[in-house]
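Visitor: Here is how the chains run, residue by residue.
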Amino acid sequence: MKSKKYWIPILLVIFGLFMVACGSGNKEAATVAIKAAEDSWNVVKGDVLKYIPDQAKGVEDAIKGAKENFDKGNFDAALSAAKPIPDKVKELTTAVAAKKAELAKSWEEMSGGLPKMLDAIKSRLDILSASKKLPENLDKAKLDGAKDGYEAAAKMWDDAKAAFSGGNVADAVTKAKTVKERAVEVMTTLGMQVPAAAAPAPKG
Amino acid sequence: MADEEKKQGAGADAWDATQWHVVEKGETLSKISKKYYGDPNLYMKIFEANKEILKNPDLIKIGQKLRIP
Numbered sequence: 001m002k003s004k005k006y007w008i009p010i011l012l013v014i015f016g017l018f019m020v021a022c023g024s025g026n027k028e029a030a031t032v033a034i035k036a037a038e039d040s041w042n043v044v045k046g047d048v049l050k051y052i053p054d055q056a057k058g059v060e061d062a063i064k065g066a067k068e069n070f071d072k073g074n075f076d077a078a079l080s081a082a083k084p085i086p087d088k089v090k091e092l093t094t095a096v097a098a099k100k101a102e103l104a105k106s107w108e109e110m111s112g113g114l115p116k117m118l119d120a121i122k123s124r125l126d127i128l129s130a131s132k133k134l135p136e137n138l139d140k141a142k143l144d145g146a147k148d149g150y151e152a153a154a155k156m157w158d159d160a161k162a163a164f165s166g167g168n169v170a171d172a173v174t175k176a177k178t179v180k181e182r183a184v185e186v187m188t189t190l191g192m193q194v195p196a197a198a199a200p201a202p203k204g
Numbered sequence: 001m002a003d004e005e006k007k008q009g010a011g012a013d014a015w016d017a018t019q020w021h022v023v024e025k026g027e028t029l030s031k032i033s034k035k036y037y038g039d040p041n042l043y044m045k046i047f048e049a050n051k052e053i054l055k056n057p058d059l060i061k062i063g064q065k066l067r068i069p
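So the protein lines, in turn, are chains U and Y.
Numbering of the first sequence is given in our numbering, commencing with residue 1 and proceeding in unit increments.
Numbering of the second sequence is given in our numbering, commencing with residue 1 and proceeding in unit increments.
Hints were generated in silico from the structure; no laboratory data involved.
There's no promise every hint is true.
As the list claims (entries may be wrong) - Derived CB-CB ranges, DEER-like: (1) 74/U / 14/Y: 52 to 62 angstroms; (2) 94/U / 48/Y: 19 to 29 angstroms; (3) 41/Y / 46/U: 55 to 65 angstroms.
Stated by the list, open to error - Restricting the straight-line Cα-Cα distance to at most 27 angstroms, the calculated cross-link-like pairs of lysine-lysine (DSS-like) are: (4) 25/Y / 140/U; (5) 35/Y / 140/U; (6) 31/Y / 133/U; (7) 31/Y / 132/U; (8) 35/Y / 147/U; (9) 65/Y / 133/U; (10) 34/Y / 122/U; (11) 25/Y / 147/U; (12) 90/U / 105/U; (13) 116/U / 35/Y; (14) 147/U / 34/Y; (15) 25/Y / 116/U; (16) 50/U / 132/U; (17) 51/Y / 133/U; (18) 133/U / 34/Y; (19) 65/Y / 132/U; (20) 140/U / 34/Y; (21) 34/Y / 142/U; (22) 142/U / 31/Y; (23) 122/U / 65/Y; (24) 25/Y / 133/U; (25) 51/Y / 116/U; (26) 35/Y / 122/U; (27) 116/U / 34/Y; (28) 132/U / 51/Y.
As the structure is a prediction and not an experimental result, all values here were calculated from the model.
Virtual Cβ for every residue (Gly too), placed ideally from N, Cα, C.
Generate coordinates for the entire structure from the input sequences, incorporating the hints supplied.
Guide: Structure representation (structure tokens):
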């Protein structure tokens, strides 16, 4: 009986030390995992925010959650939250690359096509401006509107080219799409044939 | 007018913005000019744009595909 009583506090001390050791191990693992998550995220964060900003929040929320759990001493939860983040970041890296390729393709197409549309519009506007009468379905107000539309599109196209030269492909493509829409409007107003590549998709 | 121009064939380049008109029976460059520009006197603009196929502004043929600048 005596010897049993002697062992109880020893076992309690051993159990306590074991728990402390486990807690310390989880804390260290959580620290490493959070750092790995932040490091991987910081490498691609700029591109993700630039090209697929809607997908950034998930990672940022996960890192924030891991840190909050860590600060509360919930190291297991912090570890669980932080561990999958580098894999998610890898997925986003792939998604960024795909988005970049998509934008580059769009830019290549539009930068080849839009100047043709703008040139065709300018040619027609120059001739119509010299015309003593206007064709059917076109009056002076519509012609003036078309001129304004052309000027705005041409200016926007210069802005798009500047954005592309500055390395902002996403902005360049957004502006180019606006140019395309305006050019289509002007061509339609002037009764011109819209190139197939720029024609709006059929509704429905 | 838009429908007229939509008659033109689709080229290999989907971004090609060239405007075309296929000459129909009874048409002259002046008539075509009036159709697209409202002013028949601007027919020389069309002639100049099609010099590689037109030698004389008074001689155009049915079925000829003309650029309309």
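Visitor: Now, for every hint given, state plainly whether the structure supports it.
Guide: Now for the hints, and whether the structure bears them out:
For residue 74/U and residue 14/Y, the Cβ-Cβ distance of about 58 angstroms falls inside the hinted range of 52 to 62 angstroms, so the restraint holds. Between residue 94/U and residue 48/Y the Cβ separation comes to about 54 angstroms, which falls outside the hinted range of 19 to 29 angstroms. Evaluation of the 55 to 65 angstroms hint for residue 41/Y and residue 46/U yields a pass: the beta carbon distance comes to about 60 angstroms. With a C-alpha separation of about 31 angstroms, the suggested pairing of residue 25/Y with residue 140/U is violated against the 27 angstroms cut-off.
Under the criterion of a C-alpha separation no larger than 27 angstroms, the hint pairing residue 35/Y with residue 140/U is consistent with the structure, at around 16 angstroms. Between residue 31/Y and residue 133/U, the direct Cα distance comes to roughly 13 angstroms. Compliance with the 27 angstroms bound is thereby established for this hinted pair. For a cut-off of 27 angstroms, the pair hint linking residue 31/Y to residue 132/U stands: about 15 angstroms separates their Cα positions. For a cut-off of 27 angstroms, the pair hint linking residue 35/Y to residue 147/U stands: about 20 angstroms separates their Cα positions.
Only pairs whose Cα atoms come within 27 angstroms are accepted, and residue 65/Y paired with residue 133/U is accepted, the gap being roughly 25 angstroms. With a C-alpha separation of about 19 angstroms, the suggested pair residue 34/Y and residue 122/U falls inside the 27 angstroms cut-off, and the hint holds. For the given pair, residue 25/Y sits about 33 angstroms from residue 147/U by alpha-carbon distance, which is inconsistent with the 27 angstroms threshold. A hinted pair counts as satisfied when its Cα atoms are at most 27 angstroms apart, and residue 90/U with residue 105/U qualifies at roughly 23 angstroms.
Using a Cα cut-off of 27 angstroms, the hinted pair residue 116/U and residue 35/Y holds, with the two alpha carbons roughly 23 angstroms apart. Under the criterion of a C-alpha separation no larger than 27 angstroms, the hint pairing residue 147/U with residue 34/Y is consistent with the structure, at around 20 angstroms. Taken as a hint, the residue 25/Y and residue 116/U pair is broken in the structure, with Cα atoms around 30 angstroms apart against an allowance of 27 angstroms. Distance hint between residue 50/U and residue 132/U is unfulfilled; the C-alpha atoms sit about 50 angstroms from each other, more than 27 angstroms.
For the hint linking residue 51/Y to residue 133/U, the alpha-carbon distance of about 25 angstroms falls within 27 angstroms, and the restraint holds. Restraint check for residue 133/U and residue 34/Y: satisfied, since their Cα atoms lie roughly 9 angstroms apart, inside the 27 angstroms limit. Simply put, residue 65/Y and residue 132/U have alpha-carbon atoms about 26 angstroms apart, close enough for the 27 angstroms limit, and the pair holds. For the hint pairing residue 140/U with residue 34/Y, the CA-to-CA distance comes to about 16 angstroms; that is within 27 angstroms, so the pair holds.
With a C-alpha separation of about 18 angstroms, the suggested pairing of residue 34/Y with residue 142/U holds against the 27 angstroms cut-off. Restraint check for residue 142/U and residue 31/Y: satisfied, since their Cα atoms lie roughly 22 angstroms apart, inside the 27 angstroms limit. Restraint check for residue 122/U and residue 65/Y: satisfied, since their Cα atoms lie roughly 21 angstroms apart, inside the 27 angstroms limit. Restraint check for residue 25/Y and residue 133/U: satisfied, since their Cα atoms lie roughly 24 angstroms apart, inside the 27 angstroms limit.
With a CA separation close to 20 angstroms, the supplied pair residue 51/Y and residue 116/U stays within the 27 angstroms bound. With a C-alpha separation of about 18 angstroms, the suggested pairing of residue 35/Y with residue 122/U holds against the 27 angstroms cut-off. Between residue 116/U and residue 34/Y, the direct Cα distance comes to roughly 24 angstroms. Compliance with the 27 angstroms bound is thereby established for this hinted pair. Straight-line distance between C-alpha atoms of residue 132/U and residue 51/Y comes to about 24 angstroms, which keeps the hinted pair within the 27 angstroms bound.
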